[in-house]
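2 protein chains.
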Amino acid sequence: MSGRFLRLITIDEARRIIDANIQAIGGFEIVPLIEADGRILFEDLHAPVDLPPFNRALMDGYAVRSPDTFGATEEKGIRLKVIGEIRAGDAIEDLEVGRGEAVEVATGARIPERADSVLMVEFADRVGEDELIVYRHVAPGENIQMRGDDIRRGENLLRRGTGIHAREIGILAALGMDQIKVLRRPRVCVISTGNELEYPGRELREGKIFDANGYMITAALLELGADASFIGVIRDSYDELRGTLESAISEGFDIVIISGGTSAGRGDILYRVVEDLGELLIHGVRIKPGKPFLFGLCRDVPIFGLPGYPVSAMITFETFVEPVLQRLTGTGPGEKKRVKATVGARIHSAKGRQELMPVRLEDSSEGVIAYQVHGGSGAIRTLLDLDGYIRIGEEVEIVEEGEEVEVELRVGRGNLPPVPP
Amino acid sequence: MSGRFLRLITIDEARRIIDANIQAIGGFEIVPLIEADGRILFEDLHAPVDLPPFNRALMDGYAVRSPDTFGATEEKGIRLKVIGEIRAGDAIEDLEVGRGEAVEVATGARIPERADSVLMVEFADRVGEDELIVYRHVAPGENIQMRGDDIRRGENLLRRGTGIHAREIGILAALGMDQIKVLRRPRVCVISTGNELEYPGRELREGKIFDANGYMITAALLELGADASFIGVIRDSYDELRGTLESAISEGFDIVIISGGTSAGRGDILYRVVEDLGELLIHGVRIKPGKPFLFGLCRDVPIFGLPGYPVSAMITFETFVEPVLQRLTGTGPGEKKRVKATVGARIHSAKGRQELMPVRLEDSSEGVIAYQVHGGSGAIRTLLDLDGYIRIGEEVEIVEEGEEVEVELRVGRGNLPPVPP
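Chains as they are written, first to last, in the working numbering: chain A, 16 to 436; chain B, 16 to 436.
Derived from the structure by calculation, the hints contain no laboratory data.
Heads up, a few of these hints could be off.
Selected chain A positions facing chain B (Cβ under 8 angstroms, derived; list incomplete) [what the hints assert, rightly or not]:
(1) P63
(2) P67
(3) R102
(4) G104
(5) D105
(6) G123
(7) I166
(8) N210
(9) E221
(10) A235
(11) G390
(12) R396
(13) L398
Some chain B residues flagged as far from chain A (calculated, every beta-carbon gap over 10 angstroms) [unchecked claim]:
(14) L23
(15) D27
(16) I33
(17) N36
(18) E44
(19) R94
(20) E128
(21) I184
(22) R202
(23) V411
(24) E423
For every residue, glycine included, the Cβ atom is placed at its ideal position computed from N, Cα and C.
Sequences are here, hints too, so could you generate the full structure?
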């Protein structure tokens, strides 16, 4: 009556098999600077220019030759002749500071030739149009940032693999770069299977339900930085599934994720398609929910088969797919947020399978209380109510009321403060 | 020689003034389901349908009338007549289960009329085409999920203000919703000012530097969920700045962020424009770097003026703008990640201003060591090297080597593991 699972394996065995069969995503893309945010640098970044690109005034004041100021004090000023002014952004033209001369400069302005320092505006008095009385001496180099002092052209600034965020965008912009070579994102194709499934937004005919997994898994993939496409709902038909899978592979998707049709019953044909097109490597894991999880390679493209029930699909996605995506996109193993909680009412668990028990959390005066979310993996209410999971070991059958447990929180848990009207 | 600051105020005073002058963003947008990811629900979501939408089989088996199975045991089976089959997604047509009859059903299938339970496939033997021997009795309702059992039509499922992530996408999809009413994102306009600034990607003429702030601030805003536009680099000209600001306001931006031209020197004209177009509420904060920070209202539109140096711009952005955006986008006050560290070498700080001292972190056998990043707020190297900040109080002038401090980490700190070749 029923098909067969391969030998049921543990979560850790399954993860090892998956890791061993997923290759890094190669290749790069060149994107406009602002679109590089959230991406990964494809190659070492060597500074294409010196920063600053010229000797630059660090203060508002006067560019002078420092020896001309030696001996100046508050009591006994020294007179210099102001021969010009350079504002930030101005070219210096042929301006050259001779002995006894000064050029007014603004912060950020290019320093004219032969000046070696900037006297701050506070330490001088301007007299008339072109005379200056200097009340302090300056040292050579004072208040000047020399060309290349900040960043030297050719320096290796950011390493291949660096995650690009606002700060890196600022650095790249300062270097004048507007096109950035970033790691290609993994192209992931999402397919839902099931004769009973209808697209959200369509009319629901008798016997049909709306597909939750297609968009949910696609959203989760996009959040992980993948280039994800939900290519649609298909029927439980060997030919249709095989054809869809073959075209996804030939269109160059790096990974295919299919939900539904993974169990070993009569109508479940995914495992046969994977066997016929390639190699079925995992079929059945000692995890609850999520036992019918499936993994294989079809023409070297990894195929993940998630159970059709939304909660099972989400839990197997987080357990097996998410770590792979984090590796491929370079976002690294994400830390799951965890909280300690006390079990509010006895929880029964299945022996022989590690159980990820959905719980909701309540705050109390004695701390956080975790209650099992009943409703099961087929219920949308479970998806709605769960704040996180408790991991219950294969050999544990009962978690008693009052036991302290660690809860792995769902991303985006709970409601935000209400929006003002 | 120099202009004037308003009275210098503390960070907390500045935050209070800003908070009191920023209104919630009103209005909504309707977006396709997948684009609702990362957005905020605009109104309470009432379930538009019952889930499941029909009485549904929870197991593969036979839909029966439970009284027909009473008395069945493993030793003494009861015979029923199989009158049809319903798979998941099938309409039931006019199928009705009479006395002594059974209909084969798959998990997820609609239950035919007059059947009240599903006998699991394991507890029956099929004999020939249409005969069934039943070896167990079933209770009314067994293995059936009734219409609306999971979600009742009209129920308030998700509250206004809920952040939408993959899980919520799944719930909305299951309810058949493909168009979602979400809170409008704040439209923020970013402007860089400075005669010395050139766009990344352009040729750098003499005396010019590339603008780092425009794209950096825009990226930071996008990361916070704003609808941010970098509208360009403008010159230090009263007329140009005033004209740009007026058109930004009339184009309906909710917030304007300008970097550069905030200090009180000769060339700094932003504060005058803000005074002339509206009200200058903050000009000068006891923070280092970032003292020339400016805030005002022009025709009720909040204007933030950030200093031109990239590090100062980033620090004032994080201190004053980021909390506002987190409030407006409903992403809530973000938690800054912090680590404890030991100061590796004495740090001098300015008295009278709270200093956010950029530090880089090194791991050592005795824990994390924090070193001051020299280079100053004008240096791109500071932007590159800093892993976080130490907050040094207004009255503290020296932080000694060996002192334990708390470091606020930058988002996206450090390099990720190298990308495989």
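Report task. Identify whether the interface hint at E221(A) stands, where standing means a beta carbon of chain B within less than 8 angstroms of its own. Result -> Check passed: Cβ of E221(A) comes within 4 angstroms of chain B, closer than 8 angstroms.
Query raised in the report: Should the hint that G104(A) touches chain B count as held when the rule is a Cβ pair under 8 angstroms?
Result: Holds - the Cβ of G104(A) comes within 8 angstroms of chain B, reaching about 3 angstroms at its closest.
Query - Status of the stated non-contact between E128(B) and chain A (beta carbon gap over 10 angstroms) - result: holds, 12 angstroms
Query raised in the report: Does N210(A) meet its interface restraint, that is, does its C-beta lie within less than 8 angstroms of any C-beta in chain B?
Result: Holds. Min distance 3 angstroms.
Query raised in the report: Would the hint on G123(A) stand, with a C-beta cut-off of 8 angstroms toward chain B?
Result: At about 5 angstroms, which falls below the 8 angstroms cut-off, the nearest Cβ of chain B leaves the hint on G123(A) intact, so it holds.
Query raised in the report: Would the least Cβ to Cβ distance between V411(B) and chain A come out above 10 angstroms?
Result: holds, 25 angstroms
Query - Cut-off 8 angstroms, beta-carbon criterion: hint that R102(A) touches chain B - result: holds, 6 angstroms
Query raised in the report: How about A235(A): closest beta carbon in chain B under 8 angstroms, or not?
Result: Interface hint status for A235(A): holds (4 angstroms vs cutoff 8 angstroms).
Requested in this report: Determine whether the non-interface label on N36(B) survives the test: each CB of chain A must be over 10 angstroms from its CB.
Outcome: holds, 15 angstroms
Query - Proposed interface contact between D105(A) and chain B, which counts if any beta carbon pair is under 8 angstroms - result: For D105(A), the interface hint holds, since the closest Cβ of chain B sits about 5 angstroms away, which is under 8 angstroms.
Query - Interface hint status, P67(A) versus chain B (Cβ within 8 angstroms) - result: holds, 6 angstroms
Query - Nearest-CB test (10 angstroms) between chain A and D27(B) - result: holds, 21 angstroms
Taken one by one, the earlier hints fail for this structure at numbers 1 and 21, listed in ascending order.
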